[in-house]
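K.L.:
So the chains spell out like this:
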Amino acid sequence: MATTLADLEARLTAMEHIAAIKELQSRYWHNVDRQKLDDVRNCFVEIGAVIDMQGVPPCNDREDFIKVLKANGGKPGFHSLHTGNNPFITLTGPDTAYGVWDAFFIGIDVGDRLTYQLSGEYKNNYVLKDDRWYIQTQRFLQTSLLVQSIAEDGSPKVVTFGLPDDSVFDK
Amino acid sequence: MATTLADLEARLTAMEHIAAIKELQSRYWHNVDRQKLDDVRNCFVEIGAVIDMQGVPPCNDREDFIKVLKANGGKPGFHSLHTGNNPFITLTGPDTAYGVWDAFFIGIDVGDRLTYQLSGEYKNNYVLKDDRWYIQTQRFLQTSLLVQSIAEDGSPKVVTFGLPDDSVFDK
Amino acid sequence: MATTLADLEARLTAMEHIAAIKELQSRYWHNVDRQKLDDVRNCFVEIGAVIDMQGVPPCNDREDFIKVLKANGGKPGFHSLHTGNNPFITLTGPDTAYGVWDAFFIGIDVGDRLTYQLSGEYKNNYVLKDDRWYIQTQRFLQTSLLVQSIAEDGSPKVVTFGLPDDSVFDK
Chain A
1 MATTLADLEA RLTAMEHIAA IKELQSRYWH NVDRQKLDDV RNCFVEIGAV
51 IDMQGVPPCN DREDFIKVLK ANGGKPGFHS LHTGNNPFIT LTGPDTAYGV
101 WDAFFIGIDV GDRLTYQLSG EYKNNYVLKD DRWYIQTQRF LQTSLLVQSI
151 AEDGSPKVVT FGLPDDSVFD K
Chain B
1 MATTLADLEA RLTAMEHIAA IKELQSRYWH NVDRQKLDDV RNCFVEIGAV
51 IDMQGVPPCN DREDFIKVLK ANGGKPGFHS LHTGNNPFIT LTGPDTAYGV
101 WDAFFIGIDV GDRLTYQLSG EYKNNYVLKD DRWYIQTQRF LQTSLLVQSI
151 AEDGSPKVVT FGLPDDSVFD K
Chain C
1 MATTLADLEA RLTAMEHIAA IKELQSRYWH NVDRQKLDDV RNCFVEIGAV
51 IDMQGVPPCN DREDFIKVLK ANGGKPGFHS LHTGNNPFIT LTGPDTAYGV
101 WDAFFIGIDV GDRLTYQLSG EYKNNYVLKD DRWYIQTQRF LQTSLLVQSI
151 AEDGSPKVVT FGLPDDSVFD K
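Protein chains in written order, with the working numbering: chain A, 1 to 171; chain B, 1 to 171; chain C, 1 to 171.
Mixed in with the good hints, there may be bad ones.
[Stated by the list, open to error] Below are the DMTMM-like pairs computed for lysine to aspartate or glutamate, each with C-alpha atoms no more than 25 Å apart in a straight line:
id	chain 1	residue 1	chain 2	residue 2
1	A	LYS75	C	ASP165
2	B	LYS36	B	ASP130
3	B	LYS22	C	GLU9
4	A	LYS123	B	GLU152
5	C	LYS157	B	ASP39
6	A	LYS70	C	GLU46
7	B	LYS22	B	GLU63
8	C	LYS22	C	ASP130
9	C	LYS157	A	ASP109
10	C	LYS70	B	GLU121
11	C	LYS157	A	ASP61
12	B	LYS75	B	GLU63
13	B	LYS36	A	GLU121
14	B	LYS22	B	ASP165
15	B	LYS157	A	ASP153
16	C	LYS157	B	GLU152
17	C	LYS75	B	GLU121
18	C	LYS67	C	ASP95
19	A	LYS123	B	GLU16
20	B	LYS67	B	ASP52
21	A	LYS36	A	ASP61
22	B	LYS70	A	ASP165
23	C	LYS67	C	ASP38
24	B	LYS157	C	ASP153
25	C	LYS123	A	ASP38
26	C	LYS75	B	ASP166
27	C	LYS36	C	ASP131
28	A	LYS22	B	GLU9
29	A	LYS75	A	GLU63
30	C	LYS157	A	GLU152
31	A	LYS123	A	ASP112
32	A	LYS36	C	ASP165
33	C	LYS36	B	ASP165
34	A	LYS70	A	ASP52
35	C	LYS36	C	GLU46
36	A	LYS157	A	GLU63
37	A	LYS129	C	ASP7
38	C	LYS22	A	ASP109
39	C	LYS129	C	GLU46
Source of the hints: derived by calculation from the structure; they are not laboratory data.
Owing to the predicted nature of the structure, the values given are computational and were not obtained by experimental measurement.
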């Protein structure tokens, strides 16, 4: 059966949506690292966003999440990088999508002389409203964690190692 | 010369193939990190997959590779992340493709108190069968390696450093 | 209003351009890590490329930049990986584009027994000439830095930590 213009447009639109969702999620990480909270807020749906992340109090609204970020972030001398990897974005309807990402995180806390290396996975739901994609649900689980403290002479010491359910965690 | 519907479809199909290959390779890494061996198996062609990876016994069939992964993986308290970066995917025929990736790997072995940081490159051949892409050949070379052991008091010590052809390797 | 073939082609061409720009930037990082300087040179416009990167003398031509790389790179036993993350590519005209990337870098200097972990952001301008994209301007700022020296017995010590404007930098 011959391809039609409408077929091609549907396929192209699907690719554009997936690209827009990847950019949305990247924008979230990019702005969280810079404590740009207005830009973070705008990544989530206005009402009823669910943010359920290991290590973070659960939030049922983007404003709650922004409050958590405000209370915990923006520390002088704290530098971080989130990277999103191995993305799998699936369009689940005309205006809904689901995404799985492997995330890598490094953080350096100069004030408290700590370094962080974290990996985890995001399993997020996205929704299209007025031609823009938003995060509807953000779920995060850690898959590895390594925290080191740096003594005055520069000597590092591992203070957290593995995952909470490893028996030697925090040894 | 005016573009035709057939021209556009060919260009769109090429982009869809490249996206599918990226997702295939990401699925491999995502599932290797979780020791989901059925999902790993399904990334490779059923017969005659060549897996030639530095640090891994060479395999000429996906079942051999799965046996290697089964024998070496799934250790309790071992946590890892593979990320695929800087992808270059080239369609080399109607149902074949070649890909080069820079990979980054971190591993934490809580039981043996070791941490790993590895980089390397994958040069893979992909094949399309019944509308699905598979890995036909997977070649991996290390480009850097750093292994540390963590003493009981948390003090790290570098035990492997550089690459096998550096003279100070394993100092 | 019905979509036309010309509309679809314009949308598809935009996606192809963005994919080509991502591949160009990845090619830059991939080849810098391998000190493949001819391939690095070919990523930049022939005349008037501006390279303004924190920690690197500013260059107003790709040949100047290649000289800097030649003078500082290619050290035996130096192994590195650059990864490009969270890309935002915007087409700003028929033959111009702007891109923001979060970059992650690890380096291992076996000779001087140093390890590097760096993050930063690239804000680059791209230009299309004869159907190929080139980097016109490359601006890089560090967002975190961690350098460790490795003693003969393998003990690491943090020698640089944070960013130049943190008061404890180089403690």
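K.L.:
If a hint holds in the structure, say so; if it doesn't, say that too.
P.N.:
Each hint tested on the structure:
This hinted pair checks out: LYS75 of chain A and ASP165 of chain C have alpha carbons roughly 14 Å apart, not beyond 25 Å. For the hint pairing LYS36 of chain B with ASP130 of chain B, the CA-to-CA distance comes to about 24 Å; that is within 25 Å, so the pair holds. Annotation: proposed proximity of LYS22 of chain B to GLU9 of chain C holds, straight-line Cα distance about 24 Å (limit 25 Å). A hinted pair counts as satisfied when its Cα atoms are at most 25 Å apart, and LYS123 of chain A with GLU152 of chain B does not qualify at roughly 35 Å.
The suggested pairing of LYS157 of chain C with ASP39 of chain B is violated, with an alpha-carbon distance near 41 Å, which exceeds 25 Å. The suggested pairing of LYS70 of chain A with GLU46 of chain C is violated, with an alpha-carbon distance near 46 Å, which exceeds 25 Å. Distance restraint check for LYS22 of chain B and GLU63 of chain B: the Cα-Cα separation of roughly 23 Å lies within the 25 Å cut-off, and the hinted pair is therefore satisfied. Proposed proximity of LYS22 of chain C and ASP130 of chain C is supported: the alpha carbons are some 18 Å apart, at most 25 Å.
For the given pair, LYS157 of chain C sits about 16 Å from ASP109 of chain A by alpha-carbon distance, which is consistent with the 25 Å threshold. For the proposed pair LYS70 of chain C and GLU121 of chain B, the alpha carbon gap of about 23 Å is at most 25 Å, so the pair holds. Restraint check for LYS157 of chain C and ASP61 of chain A: the C-alpha separation of about 43 Å exceeds 25 Å, so the hint is violated. Our distance criterion of 25 Å between C-alpha atoms is met by LYS75 of chain B and GLU63 of chain B, whose separation comes to about 20 Å.
Only pairs whose Cα atoms come within 25 Å are accepted, and LYS36 of chain B paired with GLU121 of chain A is accepted, the gap being roughly 15 Å. With a CA separation close to 31 Å, the supplied pair LYS22 of chain B and ASP165 of chain B exceeds the 25 Å bound. Between LYS157 of chain B and ASP153 of chain A the alpha-carbon distance is near 16 Å, which keeps this suggested pair within the 25 Å criterion. A distance of roughly 18 Å separates the Cα atoms of LYS157 of chain C and GLU152 of chain B; the hinted pair therefore holds under the 25 Å criterion.
For a cut-off of 25 Å, the pair hint linking LYS75 of chain C to GLU121 of chain B stands: about 20 Å separates their Cα positions. Taken as a hint, the LYS67 of chain C and ASP95 of chain C pair is broken in the structure, with Cα atoms around 28 Å apart against an allowance of 25 Å. Using a Cα cut-off of 25 Å, the hinted pair LYS123 of chain A and GLU16 of chain B holds, with the two alpha carbons roughly 23 Å apart. About 15 Å separates the Cα atoms of LYS67 of chain B and ASP52 of chain B, which keeps this hinted pair within 25 Å; it holds.
With a CA separation close to 18 Å, the supplied pair LYS36 of chain A and ASP61 of chain A stays within the 25 Å bound. For the suggested pair LYS70 of chain B and ASP165 of chain A, the alpha carbons sit about 22 Å apart, so the restraint of at most 25 Å is met. Our distance criterion of 25 Å between C-alpha atoms is met by LYS67 of chain C and ASP38 of chain C, whose separation comes to about 12 Å. This hinted pair checks out: LYS157 of chain B and ASP153 of chain C have alpha carbons roughly 8 Å apart, not beyond 25 Å.
Simply put, LYS123 of chain C and ASP38 of chain A have alpha-carbon atoms about 21 Å apart, close enough for the 25 Å limit, and the pair holds. A threshold of 25 Å between alpha carbons decides the hint, and for LYS75 of chain C with ASP166 of chain B the separation of about 12 Å falls inside it, so the pair holds. Using a Cα cut-off of 25 Å, the hinted pair LYS36 of chain C and ASP131 of chain C holds, with the two alpha carbons roughly 23 Å apart. The hinted pair formed by LYS22 of chain A and GLU9 of chain B meets the criterion: a straight-line CA distance of about 24 Å does not exceed 25 Å.
Under the criterion of a C-alpha separation no larger than 25 Å, the hint pairing LYS75 of chain A with GLU63 of chain A is consistent with the structure, at around 20 Å. A threshold of 25 Å between alpha carbons decides the hint, and for LYS157 of chain C with GLU152 of chain A the separation of about 10 Å falls inside it, so the pair holds. Among the hinted pairs, LYS123 of chain A with ASP112 of chain A is inconsistent with the structure: their alpha-carbon atoms are about 31 Å apart, more than 25 Å. For the hint pairing LYS36 of chain A with ASP165 of chain C, the CA-to-CA distance comes to about 19 Å; that is within 25 Å, so the pair holds.
Note on LYS36 of chain C and ASP165 of chain B: the hinted pairing holds, with a Cα-Cα distance of about 19 Å set against a maximum of 25 Å. This hinted pair checks out: LYS70 of chain A and ASP52 of chain A have alpha carbons roughly 17 Å apart, not beyond 25 Å. With a CA separation close to 17 Å, the supplied pair LYS36 of chain C and GLU46 of chain C stays within the 25 Å bound. Simply put, LYS157 of chain A and GLU63 of chain A have alpha-carbon atoms about 37 Å apart, too far for the 25 Å limit, and the pair is violated.
About 23 Å separates the Cα atoms of LYS129 of chain A and ASP7 of chain C, which keeps this hinted pair within 25 Å; it holds. At most 25 Å may separate the alpha-carbon atoms for a hinted pair to count; LYS22 of chain C and ASP109 of chain A exceed this at roughly 31 Å. Taken as a hint, the LYS129 of chain C and GLU46 of chain C pair is honoured in the structure, with Cα atoms around 10 Å apart against an allowance of 25 Å.
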